[in-house]
Amino acid sequence: MFRALESATTSNPQKLEEALRSDPSLTHIVRELHTLFLRIEDHRKRSKRRVIPQAHPEFLDAISRYGGSWTDSWLATLPEIDLSDLLIGVPASTNSEPDDAMEEEEELWDFDPDSHSAADHVDGVMENASYKSNEYPFFSRAEQAWTWLRETMDIDLSDMEARWREIPVLAVKESVSNKHGINEQKSLYAYLDNVRKAYVAGADLAALAMCRSITEILFRFHYNQKDEKTNLTLLVEKTIQARPQLAKYNIVKKLYEANKLMHFSGSIDAERWRDVRVLVRNWFLILNELVALTPNELPPLGSTEVT
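If you read the sequence shown in the working numbering, its first letter stands for residue 1, the second for the next number, and so on.
Hints were generated in silico from the structure; no laboratory data involved.
Every value quoted in this text rests on a predicted model; they were computed, and no experiment measured them.
A couple of the hints might just be wrong.
[Claimed, not checked] As a list, the in silico DSS-like pairs of lysine-lysine whose alpha-carbon atoms are at most 30 Å apart:
{"hint": "1", "residue 1": "K132", "residue 2": "K226"}
{"hint": "2", "residue 1": "K260", "residue 2": "K197"}
{"hint": "3", "residue 1": "K226", "residue 2": "K173"}
{"hint": "4", "residue 1": "K248", "residue 2": "K173"}
{"hint": "5", "residue 1": "K260", "residue 2": "K226"}
{"hint": "6", "residue 1": "K173", "residue 2": "K132"}
{"hint": "7", "residue 1": "K197", "residue 2": "K226"}
{"hint": "8", "residue 1": "K238", "residue 2": "K226"}
{"hint": "9", "residue 1": "K132", "residue 2": "K186"}
{"hint": "10", "residue 1": "K179", "residue 2": "K132"}
{"hint": "11", "residue 1": "K260", "residue 2": "K132"}
{"hint": "12", "residue 1": "K238", "residue 2": "K248"}
{"hint": "13", "residue 1": "K48", "residue 2": "K254"}
{"hint": "14", "residue 1": "K179", "residue 2": "K238"}
{"hint": "15", "residue 1": "K197", "residue 2": "K132"}
{"hint": "16", "residue 1": "K254", "residue 2": "K179"}
{"hint": "17", "residue 1": "K238", "residue 2": "K254"}
{"hint": "18", "residue 1": "K248", "residue 2": "K226"}
{"hint": "19", "residue 1": "K48", "residue 2": "K238"}
[Said to hold, decoys possible] Okay, the calculated beta carbon distance ranges per label pair:
{"hint": "20", "residue 1": "R243", "residue 2": "S115", "range": "37 to 47 Å"}
{"hint": "21", "residue 1": "Y131", "residue 2": "S158", "range": "19 to 29 Å"}
{"hint": "22", "residue 1": "T233", "residue 2": "M153", "range": "36 to 46 Å"}
{"hint": "23", "residue 1": "A203", "residue 2": "Y256", "range": "43 to 53 Å"}
{"hint": "24", "residue 1": "S25", "residue 2": "A190", "range": "39 to 49 Å"}
{"hint": "25", "residue 1": "Q245", "residue 2": "S115", "range": "33 to 43 Å"}
{"hint": "26", "residue 1": "A242", "residue 2": "E127", "range": "58 to 68 Å"}
{"hint": "27", "residue 1": "L149", "residue 2": "E216", "range": "29 to 39 Å"}
{"hint": "28", "residue 1": "A119", "residue 2": "R272", "range": "26 to 36 Å"}
{"hint": "29", "residue 1": "R21", "residue 2": "T233", "range": "56 to 66 Å"}
{"hint": "30", "residue 1": "T147", "residue 2": "G68", "range": "17 to 27 Å"}
Cβ coordinates follow ideal geometry from the N, Cα and C atoms, glycine included.
Sequences are here, hints too, so could you generate the full structure?
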């Protein structure tokens with residue numbers, strides 16, 4: 001659909017209104033794209049799972065490009081063209097009735113993780129509770145409980161919020177997705193979810209271990225025919241020889257760094273330990289590309305021929 005939109009407008013968002021006038025059927029494509037965009041945005045903002053199963057490798061890229069360049073042009077056509085029934089969730093007219101104005105004002109108070117800080121709002125609630133702690137025993141206990149969470153359990157909502165934003169949504173192509181149940185405890189999805197939980201909680205080494213495990217799943221079961229015996233590093237090297245496009249991801253170096261960190265080496269200084277967070281974040285991004293590059297069909301068992 002996105003390719004059709006780009007073709008009709010010669011990839012120029014400014015030509016959208018002209019294209020819609022000359023080909024009204026294009027509105028259906030834009031409507032579908034915008035609906036998908038809103039759903040993906042809602043998933044990105046609110047879903048615990050940072051994956052979209054059975055997705056084409058180019059799916060998220062197309063949706064992202066639409067959201068980045070085309071939504072403004074689409075909205076700009078509304079005052080000139082009556083397409084309000086084709087756009088979900090966006091007011092078609094600037095002449096709002098009083099009820100509409102009230103509705104819009106209420107929407108301004110809806111929480112949006114892209115625009116608002118959950119940590120700041122929770123702090124505001126607890127600050128308000130502290131004012132009432134002398135008058136109401138419940139608020140006194142709530143204030144103590146919040147202090148316990150922060151100081152004893154070491155909960156830092158601001159840091160957790162920032163970390164959550166650093167974990168992107170991954171598109172998992174069908175040939176990989178079909179081998180893993182979305183709710184299975186031991187599957188690619190469960191491992192990806194564990195990376196998210198560990199990383200957001202600040203358990204960087206645990207997240208690093210899960211990144212290594214996911215890499216192992218991909219190389220043993222998706223780039224090769226269930227090779228469970230070969231040493232992982234050797235298997236990665238052998239796979240890269242057959243698939244040179246994987247060399248740029250420096251997987252062997254990442255495995256080496258992960259092994260040193262997880263098995264503790266006295267030669268690793270404090271600054272290097274702080275780099276674990278960066279390593280996990282970069283590795284997670286690479287996993288997205290590794291999933292996209294997995295072959296749709298595997299070579300015969302024991303073969304390293306590129307299919």
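Status of the hints after comparison with the structure:
no.	hint	verdict
1	K132 <-> K226	violated (61 Å)
2	K260 <-> K197	holds (23 Å)
3	K226 <-> K173	holds (19 Å)
4	K248 <-> K173	holds (21 Å)
5	K260 <-> K226	holds (26 Å)
6	K173 <-> K132	violated (53 Å)
7	K197 <-> K226	holds (28 Å)
8	K238 <-> K226	holds (14 Å)
9	K132 <-> K186	violated (47 Å)
10	K179 <-> K132	violated (54 Å)
11	K260 <-> K132	violated (51 Å)
12	K238 <-> K248	holds (15 Å)
13	K48 <-> K254	holds (27 Å)
14	K179 <-> K238	holds (23 Å)
15	K197 <-> K132	violated (34 Å)
16	K254 <-> K179	holds (25 Å)
17	K238 <-> K254	holds (16 Å)
18	K248 <-> K226	holds (24 Å)
19	K48 <-> K238	violated (35 Å)
20	R243 <-> S115: 37 to 47 Å	holds (42 Å)
21	Y131 <-> S158: 19 to 29 Å	holds (22 Å)
22	T233 <-> M153: 36 to 46 Å	holds (38 Å)
23	A203 <-> Y256: 43 to 53 Å	violated (21 Å)
24	S25 <-> A190: 39 to 49 Å	holds (43 Å)
25	Q245 <-> S115: 33 to 43 Å	holds (38 Å)
26	A242 <-> E127: 58 to 68 Å	holds (59 Å)
27	L149 <-> E216: 29 to 39 Å	holds (35 Å)
28	A119 <-> R272: 26 to 36 Å	holds (29 Å)
29	R21 <-> T233: 56 to 66 Å	holds (59 Å)
30	T147 <-> G68: 17 to 27 Å	violated (42 Å)
In terms of the numbered hints stated before, the structure departs from hints 1, 6, 9, 10, 11, 15, 19, 23, 30, listed from lowest to highest.
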